[in-house]
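Since the structure of chain A is provided, determine the placement of chain B with the ligands on it from the hints.
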Amino acid sequence: MAQTRERPKPVLHPDFCKGCGRCIESCPKHCIEAGTEIDGATGLIPVQLRLDSCNGCSLCLEACPEPYGLDHESPEPRSSEPPHIPGTENLVAIAAKRRVAETIPDVRVPMPALRPLVVKGTYASAIGALLAGCRHFFGYPITPSTDGAELMAKLLPELEGHFVQAVSEVATINHMYGTGGAGLRCMTFTSSPGFSLMLEGLSYMIGAEIPGVVVDVMRAGPGLGNIGPEQGDIKIACRGPGHGTTQTLVYAPATPQEMLDLTMLAFDKAFEYRNPVLVACDGYLGQITGRVDLPSYMVKPGLPDWAVWGDAAHRPNLHTSILLNEADQEAHNVKLLAKYAQMIDREQRADLYETDDADVLIVAANTPARTAKGAVAVLRKQGIKAGLFRPITLWPFPIRALAPVLPRMKAVVVVEASNGQLEDELRLALSHADLHAPPPITNVRHYGGIMPQMNEIVACARAAHEATPSRRTRETEAEAAARVLS
Amino acid sequence: MKEPTVLPTYQAKDFKSDLKPIWCPGCGDFGVVQAIYRALAAIGRAPHDIAFVSGIGCSSRIPGYTTAYGFNSVHGRALPIAQGIKLANPDLLVLVAGGDGDGFSIGGGHVPHAIRRNLDLTYIVMDNQIYGLTKGQLSPTSPKGLHTVTSGLGSLEEPVNPLLYTLAYGAGFVAQGTPADMAGLAEIIEEAIRFPGFAFVNVQSPCVTFGEDDQQVKAHRAAMKPLKSIGHDQTSRIAAMDLAQQYGQSLHTGVFYRNPAPAPTYDAQVRERQQAMAEKAVPRERILDMFVQK
Ligand SMILES: Cc1ncc(C[n+]2csc(CCOP(=O)(O)OP(=O)(O)O)c2C)c(N)n1
Ligand code: SF4
Ligand code: SF4
Ligand code: SF4
Chain A
0 MAQTRERPKP VLHPDFCKGC GRCIESCPKH CIEAGTEIDG ATGLIPVQLR
50 LDSCNGCSLC LEACPEPYGL DHESPEPRSS EPPHIPGTEN LVAIAAKRRV
100 AETIPDVRVP MPALRPLVVK GTYASAIGAL LAGCRHFFGY PITPSTDGAE
150 LMAKLLPELE GHFVQAVSEV ATINHMYGTG GAGLRCMTFT SSPGFSLMLE
200 GLSYMIGAEI PGVVVDVMRA GPGLGNIGPE QGDIKIACRG PGHGTTQTLV
250 YAPATPQEML DLTMLAFDKA FEYRNPVLVA CDGYLGQITG RVDLPSYMVK
300 PGLPDWAVWG DAAHRPNLHT SILLNEADQE AHNVKLLAKY AQMIDREQRA
350 DLYETDDADV LIVAANTPAR TAKGAVAVLR KQGIKAGLFR PITLWPFPIR
400 ALAPVLPRMK AVVVVEASNG QLEDELRLAL SHADLHAPPP ITNVRHYGGI
450 MPQMNEIVAC ARAAHEATPS RRTRETEAEA AARVLS
Chain B
0 MKEPTVLPTY QAKDFKSDLK PIWCPGCGDF GVVQAIYRAL AAIGRAPHDI
50 AFVSGIGCSS RIPGYTTAYG FNSVHGRALP IAQGIKLANP DLLVLVAGGD
100 GDGFSIGGGH VPHAIRRNLD LTYIVMDNQI YGLTKGQLSP TSPKGLHTVT
150 SGLGSLEEPV NPLLYTLAYG AGFVAQGTPA DMAGLAEIIE EAIRFPGFAF
200 VNVQSPCVTF GEDDQQVKAH RAAMKPLKSI GHDQTSRIAA MDLAQQYGQS
250 LHTGVFYRNP APAPTYDAQV RERQQAMAEK AVPRERILDM FVQK
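Residue numbers (numbering that gives the first Met the number 0), protein chains in the order written: chain A, 0 to 485; chain B, 0 to 293.
In case anyone wonders, no lab produced these hints; they're calculated from the structure. Errors might be hidden in some of the hints.
Said to hold, decoys possible - Derived DSS-like pairs (lysine-lysine); straight-line CA-CA distance at most 30 Å:
1. Lys119/A - Lys134/B
2. Lys299/A - Lys153/A
3. Lys153/A - Lys134/B
Owing to the predicted nature of the structure, the values given are computational and were not obtained by experimental measurement.
Excised from the complex, chain A in its bound form (with noise of 0.2 Å):
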């Protein structure tokens, strides 16, 4: 009688088995399906085996391209340990020994008393990126925006900084994520679609904590719109800067100063929190001049310890917006919301203009709120008080600082060059902030290139003023604002 010899069966290692199914069609006893579950560690579904028909014939085995996907099966069972590779001894051996690469901290260098410039809104915020030690730009060419990468291009070369006018804003924000994920202080100037074009780019950059500064010189659209100013920029910047779980600061300058400050602000912020930062300004305070007072010091940045950077310090440095397990990947989610939850509780920022006796407050922002100081102006000579709330960030929205006042006003008037972007913004927040009965809010809306205009608001602010006849004192908003404010 032959004698038959047992064959070892094989087995499976789910975690290395790509589902390709090579195994499957090699099988002569057909032992080997499709699987149907996706593996938690590697988000692949590994076939299943069912091996009552089996024979041992290895042909599986044979199939199978990956090195560990199946194996005999062996008495022992197979430990936890990660099968040895061989090739990565070196890497192993370097991550044993490895430095643990410090951050090297900015350091402020003092900067003498200079006279004050007059420039234009881009020059002023190309300045400060230099101020604040940025010397890497990237940009593509687009109407408004392009005046402040051509300072940029002009002047980087004598500070051994780097221009690189890239081939597209989608090729822009990649070199962003690179040159950030090296740790150093980038940005770009853009203006609607190509910042519509960074979307994708910045929601990997955020994924992967990674800090860059975007200036947006908001024009008008939908599609190509033309080169006129507009604000409609904020839902994208706001609500959802690229897919998934994404936030950043957005800040909202309103003169050539404020693009200088806050474009220095946003470098610091940008590496405080490991994010992006959006600079969104219009296209009419893009290229308007104004006094510029230089700060008292100029940056130099240091070195984080994440940075990818060529010494062996650095060498575990690894930047990836990947997690394929979901677990992983709702920690890091929740890891991000801890970081946005900490931006909304430091970083709202307002300015507040002849807000303290008024009972109607105009909310702008942008050029829109220079206009609206004019009409505060304007209303109060008129016997109307009048006064200004006016958002430096649009996200984080800064209720906290609108919330004291509001129960003194008897109507908000929202003025801004998009479709109620900005007071979407505004609702929001109230919402956010239990807030539920603010007083009736009116709105000044232009798009398409046109500015709201002194006039309008005037007006709009009179009738607002008018259809309210008396002061809200009401109890429950007095409670709400406090609580917001504890």
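Just chain B with the ligands, lined up with the frame of chain A:
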């Protein structure tokens, strides 16, 4: 009995729209649009049978100046949009045009794939080696060392060679023209449109406002070397690639390469497949049967 259809004939002016071009006086693009009018008149298709797609740039304004259906579309995306149109209505004659920045910088990734998909499109690039609309920045075809507002000390990058690239990507028709020779340009564009498959025409179209002196119409007239006069074999891709290497140094005009046995176009292959499957195809009203397990 059917009346024999009398085909209407068209003249160049039938393709000229009422819109007045807002190009700078002397811009090379004026010559390009004239050459397109002439080529379209020679082809003889009605304006409503033509779709003209462009990206964004000075040159991309061109569809508006014709009576064809026009798309002044998205910066860098004219080729994918044109493919969408051609697939939606394969009977349309689809022209695509734009600048060198539009086509080889932001839209550069689409070029090889449009070529290998080989839809019957004619792609005209107005190559002025500069960004015109955004006022004089570096373009992907700017020569190395060029001083612009974004390259004050001279560009450090090698230019793209549109002729060599498209030849290498496998385009069946590659030509170059200049508005300095309008009749020649019109002929080239006509031939490109008649070519079955993806056809590429690089037009050296000077930017009078931001361009270099040696890149102006007058200089072109003196410098141009028609390929016909040097006895070039336009059926040889290798000979064409050899000549194309002189892009940027010599201004060769004419057809560099014309595949003598053009490969079947994507649209033709789709139609063939659809016809072959027509007999077996499920009638439309029973389309859901396909998803119901028997
Ligand atoms: C996404 C996006 N980025 C940038 C721009 C701005 N822009 C318009 S045309 C153009 C380039 C123009 O150069 P080219 O394509 O060579 O055409 P030309 O104007 O020289 O004819 C740029 C950068 C845009 N419209 N959209
Ligand atoms: S050892 Fe042979 S019979 Fe057993 S599962 Fe693999 S291929 Fe099939
Ligand atoms: S051949 Fe290997 S990797 Fe592919 S499905 Fe089979 S066990 Fe998995
Ligand atoms: S800027 Fe140059 S490309 Fe644009 S219209 Fe004027 S000459 Fe032509």
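Lys299/A paired with Lys153/A [C-alpha distance capped at 30 Å]: holds, 20 Å
Satisfaction of hint between Lys134/B and Lys153/A, Cα-Cα up to 30 Å: holds, 16 Å
Proposed proximity, Lys134/B with Lys119/A (alpha carbon, max 30 Å): holds, 18 Å
Of the numbered hints stated above, none is contradicted by the structure.
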